[in-house]
Each structure stands twice: as C-alpha cells, then as structure tokens.
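Visitor: Okay, here's what each chain looks like letter by letter:
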Amino acid sequence: MNEVPLSHILFVSTALFFTGMYGLFTRRNMITMLMSIELILNSVNINFIAFNKYLHADKLDGVFFTIFIITIAAAEAAIAIAIIINLYRSHQSIDIEDAAEMKY
Amino acid sequence: MPNYAYIVMIPLLPLASFLLLGLFGRKYLRGYSGTFGTASLLISAVLSCITAYNYFFVSGKTNGLYHQIVAMKYVWLPFTPGISIDMTLLLESISVMMIVIVTFVSAMVHIFSLGYMKGQQRLGTYYSFLSLFTFSMLGLVLSGNIFQIYIFWELVGVSSYLLIGFYFDKPSAVAASKKAFIVTRFADLGFLIGILILAFHAESLDFTTLIRRLTSGSPELLKITTASFLGISMLSWGLSLVFIGGAGKSAMFPLHIWLPDAMEGPTPVSALIHAATMVVAGVYLVARLFPVFAISDPDALKLVMYTGALSALLAAIIACTQTDLKRVLAYSTMSQIGYMMFALGVSGYGGESGLGYTASMFHLFTHAFFKSLLFLCAGMVIHAFHSNEIKDMGGLRKIMPVTHIGFLIACLAIAGIPPFSGFFSKEEILQAAFRSSKWVYAVGLLTSGLTAFYMFRLYFSIFWSKEAKLSGNQREGTASMRIPLVILSICTALAGFVPFSKLITSDGLPLETHVNINFSIIPVSIALFGIFSAAYLYRIENDRPEKVARYLGKWYQAAFKKFYIDELYIFITKKIIFRLIGRPVAWIDKQVVDGFMNSLASITAKISEGIKGLQSGKIQNYALYFFAGIAGLAVLFIYLWK
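Going down the list, the sequences are from chains A and B. Read in order, the letters of the first sequence are residues 0 to 103 in numbering that gives the first Met the number 0. Read in order, the letters of the second sequence are residues 0 to 641 in numbering that gives the first Met the number 0.
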C-alpha cells in the first residue's frame with residue numbers, strides 16, 4: 000500500500016490550525032469561537048498521532064496525549080458553555096464585543 | 000567621708016516638678032502650681048547648701064587640698080572600653096558653688112514669680128519651664144563627662160528658648176526666642192566639633208581623665224599637639240571650638256546679639272537665665288577645662304582673654320546709650336561676663352598666678368546675686384510703669400522704698416564700691432589683669448568706670464529725675480515680691496566677705512589674698528567719677544544728656560545702634576548667605592533634584608498613556624497578542640537560539 004507521506008498530514012493539520020485561528024480572531028459569536036478552538040485542538044491531535052506513527056511507531060506517548068487532549072477539550076467545552084450561558088444571562092448577548100468592560 | 004548619694008535629689012526634684020506640672024499642672028494643680036514648684040526648689044536649695052557646707056568645711060579637703068568626689072556614676076552609652084557617655088554627678092569646688100548659686104537664685108525667682116506672674120493664664124506651664132531650666136542647669140554644672148555637659152547644655156538652650164517665647168502671642172518675643180536658639184545652636188556646633196576633637200585625641204569623654212591626659216606629658220598630649228590643621232595644633236582647634244560654644248551661650252562678642260533680644264521673656268526669667276545662671280555657663284565651661292587651657296595651650300587662653308576684654312568694653316559702651324531698662328541690664332550682663340572671661344584669660348594654673356581663676360569664679364558668684372537683684376528690681380519697676388523705657392520713669396524712691404534700696408545696693412556692688420560684694424571680686428580681677436597684661440588692665444578700668452556710669456544713669460533716671468507719673472494708687476508689689484529683694488540685697492551686700500580664695504582655686508590649694516588699699520584707689524575713684532558724672536547728667540531732668548549726645552555726634556549714634564552688629568548680621572545672612580548660597584542651592588533643589596524626579600514621573604505617565612490602549616478589554620486582541628508572543632518565541636528558539 001502506498002503510504003501517505005508525513006508532510007501531507009502536517010499540511011492538513013496546519014491548514015486546520017490556521018482555519019481555527021482565523022475563526023477565533025474574526026468571529027464575534029462566542030459559540031463559533033469555541034468551535035474554532037476545537038479545530039485548533041484537533042489539529043494538534045493530528046500532529047501528535049502523525050508524529051507518533053511516523054517517527055516512533057514502537058511507542059504510544061503521542062496516542063496518550065491525544066486522548067488526554069480530547070478529554071480536556073470536553074471539559075473545557077463544558078466550562079466555556081457555562082461561561083457563555085452566564086454571560087448571556089447578564090448581558091442578553093453572546094457577542095464578544097459586548098463583553099469588553101474589563102479594560103483600562 | 001559622708002554619703003553624698005542624696006545629691007541625686009538636687010537635680011531630680013526640679014525634674015519631678017517639671018514632669019508633674021507639665022503633665023498635670025493645667026488640669027489639676029491650677030491654683031497650686033506656683034507653690035508646688037517653689038516648694039520643690041526650696042528643698043533643692045537647702046540640700047545644695049548642706050552639700051556645700053559638707054564639701055567645703057567637713058569632708059572635701061584632704062591634706063589641705065580640695066579634691067573631686069564622684070557622687071554618682073552611671074554608664075549610659077559605652078562606645079569602647081575607654082569612651083563612654085556617663086551620667087555622672089561630680090562634686091568639686093566650682094560645681095558645688097554653682098549648684099548653690101543656681102538653686103538659690105532659682106528659688107528667689109520662683110518666690111518672686113508668685114507675685115509677679117499672678118493671674119497669668121499659663122502659670123503651670125511657666126513653673127514647669129522654670130523647673131526644667133533648673134534641672135538642666137544643675138545637670139550641666141554637676142556633669143563629670145564632657146558629652147553629658149553637652150546634653151544638658153542643649154537642654155538649657157531649649158528651656159531658655161521656651162521661656163523667652165513665653166508670651167508667644169507677641170511677635171517680637173517669638174522672633175527673639177528663635178534668634179536666641181539659632182545663634183546659640185550655631186555656636187554649639189563649634190562646641191560639638193571641639194568635643195569630638197578633644198575626645199578623639201584624648202580617647203576619653205570623662206572630664207577627669209581628659210584633663211589628666213591633656214595636661215601631663217602623656218602620649219595623647221604629644222599626639223594632639225603635633226597633629227595640626229591649617230598650621231594650628233589640634234589642641235588649639237579643639238579648645239577654641241569649645242570656647243566658641245561657651246562664647247555663644249555666654250553672649251561674648253560677636254555671638255552676643257541674642258542676649259538683648261532675649262529680654263522679651265518675663266523679667267524673673269531674665270533674672271534667672273539671662274543674668275545669673277545660664278549665661279555664665281560659658282565661663283563655667285572654660286573653668287572646667289581650665290587646666291588644659293592654662294597648662295597645655297596658652298594661645299587658646301589668649302583668645303579667651305581678648306574676646307572677654309573686647310566684649311566687656313563694647314557692651315559697656317553700648318549700655319551707656321540704650322534707653323530700654325532691660326536692654327541696659329542685658330548689656331551690663333554681657334560686660335560683666337566679659338570680665339569673668341578675661342579674668343580666666345589672664346590667669347595661670349596653680350598658686351599665686353591662679354588668682355585670675357579665683358577672681359573669675361568670685362565675680363561669677365557675686366554677679367549672680369547683684370544681677371538677679373537688679374533684674375528683680377527692674378521687674379518691680381516695670382510692673383509699676385508698664386513700660387521698659389527709662390524715659391517714662393522717674394521719682395520712684397518714695398513710692399517704692401524696698402526696690403529703691405535694693406537697686407541702690409546692687410548698683411553700688413556692680414560699680415565696685417566697697418564694702419559691697421562687687422568691689423572684692425572686681426578688685427581681684429583687676430589685680431590679676433594688672434599682673435598679666437597692662438592693656439587688659441586698662442580695658443578693665445575703663446569698663447568699670449563705664450559700668451558705674453550706666454548703672455547710676457539707670458538709678459537716677461528711675462528713682463530721681465522727674466516726678467512719678469503713675470496711674471492710680473500703686474503699691475509696692477506683694478510680700479512674695481519684696482522678700483526675695485530683701486534676701487538678695489543682704490546677700491549682695493555681704494557676699495564679698497566670703498573667704499573665696501580659700502575655697503576655690505585653680506589647683507584646689509587655698510590661696511592667700513588681701514585687699515590692697517593702694518591698688519584699690521584707682522578703680523574706686525574711677526567708679527566714683529562715673530557715679531558723679533551720672534548724677535550730674537541724670538539726677539534732675541535736664542537737657543545735659545542731649546547736649547552730650549549731640550557733642551559726641553556720630554560716636555553716640557554708633558553706640559546707640561549697637562555698633563551696627565545686628566545690621567551686619569542681617570547683611571551677611573540676607574545679602575550674602577541667602578542670596579549667594581541659599582538661592583542657588585534652592586534652585587538646584589527645585590530644578591535639578593526635583594526636576595529629575597518629576598521628569599521620571601512624567602515620562603512614566605506619558606509612556607503608560609501611550610500603551611494603555613493595549614489593554615482593550617477585547618479577548619480576541621489578547622489572543623492575538625498571545626499568538627504573536629508565541630510566534631516570536633518560536634522564531635527566537637528556532638533561528639536565534641542555536
């Protein structure tokens with residue numbers, strides 16, 4: 000079987016990462032921003048898996064890290080959504096521009 | 000040897016009275032503060048007299064020599080094994096004499112104040128200040144450690160400041176108190192440096208050790224005389240600087256300018272502090288260090304002599320022209336202290352040549368009595384006329400007989416007419432001066448003539464001259480004001496008969512002195528001439544004084560303006576020191592020092608104003624910074640950190 004080279008996979012993960020970054024910086028809706036963060040996390044996961052498989056096939060460290068990150072991402076999503084709900088209750092909005100009181 | 004531990008009580012009683020009156024006087028002891036202060040002082044005075052009796056006639060003498068007795072010693076601040084600041088009570092002949100004078104005059108002034116200050120609002124404060132002064136003065140004279148003397152020296156200065164400014168609602172009194180404090184403080188700077196020089200080289204602060212090391216041919220003496228600065232040996236520097244401190248306190252030229260102004264204080268205070276006790280502290284200091292002056296450094300003693308003689312003459316001339324009663328007395332004090340100073344200056348150490356030392360201490364003793372008597376009489380007169388100007392006074396002799404007699408006795412004493420006390424002491428001083436330096440002797444004679452003239456000018460102007468113009472029915476004070484006058488008059492008349500030269504001499508050995516009739520003729524006739532010319536000019540109101548003043552023209556004006564010394568001081572301070580030093584320094588402080596700090600602050604403020612936009616409150620911006628930072632670090636680690 001003709002193997003996919005590592006660089007291709009890294010290209011996908013990089014594209015995914017910068018897509019997430021773009022979403023994070025430009026979107027005003029907090030839910031969308033949360034989704035962008037998930038994209039970034041998953042691009043990192045792909046990196047871990049790819050490096051583990053291609054460079055150290057006899058080890059499982061990268062796989063473990065990926066599992067940790069998925070778990071933490073789930074917890075993080077729960078907390079972020081709780082924050083967003085609370086913010087909606089106080090501001091009647093989930094637009095990030097409306098929550099900019101903490102400045103100089 | 001009797002136990003001298005009770006001497007601690009002598010200074011501690013006034014201290015206790017100061018604390019009690021100062022803390023509770025206003026609230027609880029309102030009516031009694033005077034009685035309380037006076038009672039504690041009287042006990043102190045009695046104890047001092049007992050001490051003096053014990054010291055001089057019972058136990059002070061061994062083998063015909065008066066020695067030192069350390070009544071108490073408490074090591075307070077030890078620096079090195081040799082150098083420590085101790086609290087010592089040291090009895091020797093001059094300190095015993097001084098405690099008697101201080102407590103006695105202070106007690107008289109306390110009693111006099113009962114009447115004089117009656118009805119004053121701040122009577123408790125007044126008496127507490129008086130007690131503080133008495134305590135500090137007693138501490139000063141009993142000191143056995145040169146640093147202890149400095150501590151009490153400053154305390155005395157503070158209480159003098161407080162008492163001069165007692166009428167603090169009078170701007171002139173406030174100005175006078177500040178002037179007195181600053182001038183004496185300035186002189187005390189010299190004193191402190193002098194102490195440090197002497198103590199550094201002698202490696203001791205203790206008087207006895209210091210004097211022993213600096214008089215015998217010890218290695219310390221060799222070191223201090225060989226070390227020199229600007230061509231003058233360190234010993235001369237040290238002693239001269241110490242003398243500057245003494246000259247400031249004793250109102251010697253040119254540091255005398257504070258004394259006439261100090262007369263703004265209540266008159267009994269002037270009697271106590273600015274006539275009898277505090278102002279002789281400088282003389283006392285020189286007398287304490289006298290062996291060092293006389294044996295090791297006659298040059299510094301010359302300085303004492305010239306300063307004293309110049310002050311005596313200058314003050315006597317100024318006193319002839321002043322019209323303020325208390326100012327005349329102030330200049331006369333300065334002149335008499337000048338006498339004491341030059342008497343020390345002409346003296347040698349030990350035996351016959353130590354006559355000047357004995358004479359100086361004798362004059363200090365008699366002066367305390369007649370000058371405090373003069374001031375208390377002046378207090379009575381001012382009480383009657385409500386004015387200090389002698390032009391407003393006259394014809395008091397029938398209305399105030401006690402004051403009249405007291406003032407007359409004091410005037411005769413200060414003029415040196417036998418058999419009053421001043422005659423004997425002045426006689427000894429002139430004899431000592433005659434032996435040592437004819438110039439100083441001439442100055443002394445001239446001064447004594449002038450003294451007789453200006454004192455009797457006061458006497459005739461106040462008690463004779465024109466008819467008294469008193470408002471209402473005046474009586475001569477209360478009994479508490481008359482009693483001290485009577486006691487002091489008796490002392491003034493008789494103090495000359497104390498066998499002083501047997502008790503107090505420079506080396507502790509008794510000295511034989513006798514009044515020499517042939518020698519006395521000149522000074523006494525000069526004094527009588529002064530008295531008669533004063534009588535000619537002032538006994539009846541006439542225009543002769545004006546004629547004399549006009550005849551003397553510029554000279555009279557110069558003396559009337561106190562030889563422009565105050566103006567000179569103002570010129571130096573305002574025109575030279577303030578303008579050439581003060582203002583540039585103020586400019587540097589404002590522009591350079593403050594400017595540096597201010598520009599630091601304003602630069603910080605400007606930068607933060609510029610970058611505060613970074614903290615926008617927008618999370619996405621923060622995320623962007625975060626990523627930029629990470630990217631920056633990545634570049635750093637990958638490309639630069641090899």
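FYI, nobody ran anything at the bench for these hints, they're computed from the structure. In this text the structure is predicted, and so the values were computed from the model without any measurement. Glycine is no exception: its CB is placed at the ideal position from the N, C-alpha and C atoms. Some hints could be false.
Chain A stretches covered by chain B per the calculated footprint, using a threshold of three residues with CB under 8 Å from any CB of chain B [to be verified]:
| # | stretch |
| --- | --- |
| 1 | 15 to 24 |
| 2 | 41 to 47 |
Calculated cross-link-like contacts (lysine-lysine; reagent style BS3-like; alpha-carbon spacing at most 30 Å) [claimed, not checked]:
| # | chain 1 | residue 1 | chain 2 | residue 2 |
| --- | --- | --- | --- | --- |
| 3 | B | Lys222 | B | Lys26 |
| 4 | B | Lys465 | B | Lys390 |
| 5 | B | Lys546 | B | Lys560 |
| 6 | B | Lys60 | B | Lys117 |
| 7 | B | Lys611 | A | Lys102 |
| 8 | B | Lys60 | B | Lys501 |
| 9 | B | Lys560 | B | Lys465 |
| 10 | B | Lys605 | A | Lys102 |
| 11 | A | Lys102 | B | Lys617 |
Away from chain B, derived, C-beta distances all over 10 Å, residues of chain A [unchecked claim]:
| # | residue |
| --- | --- |
| 12 | His7 |
| 13 | Met32 |
| 14 | Lys52 |
| 15 | Asn85 |
| 16 | Met101 |
Visitor: Need the list of violated hint numbers for this structure, in ascending order.
Guide: 2, 3, 6, 13, 16
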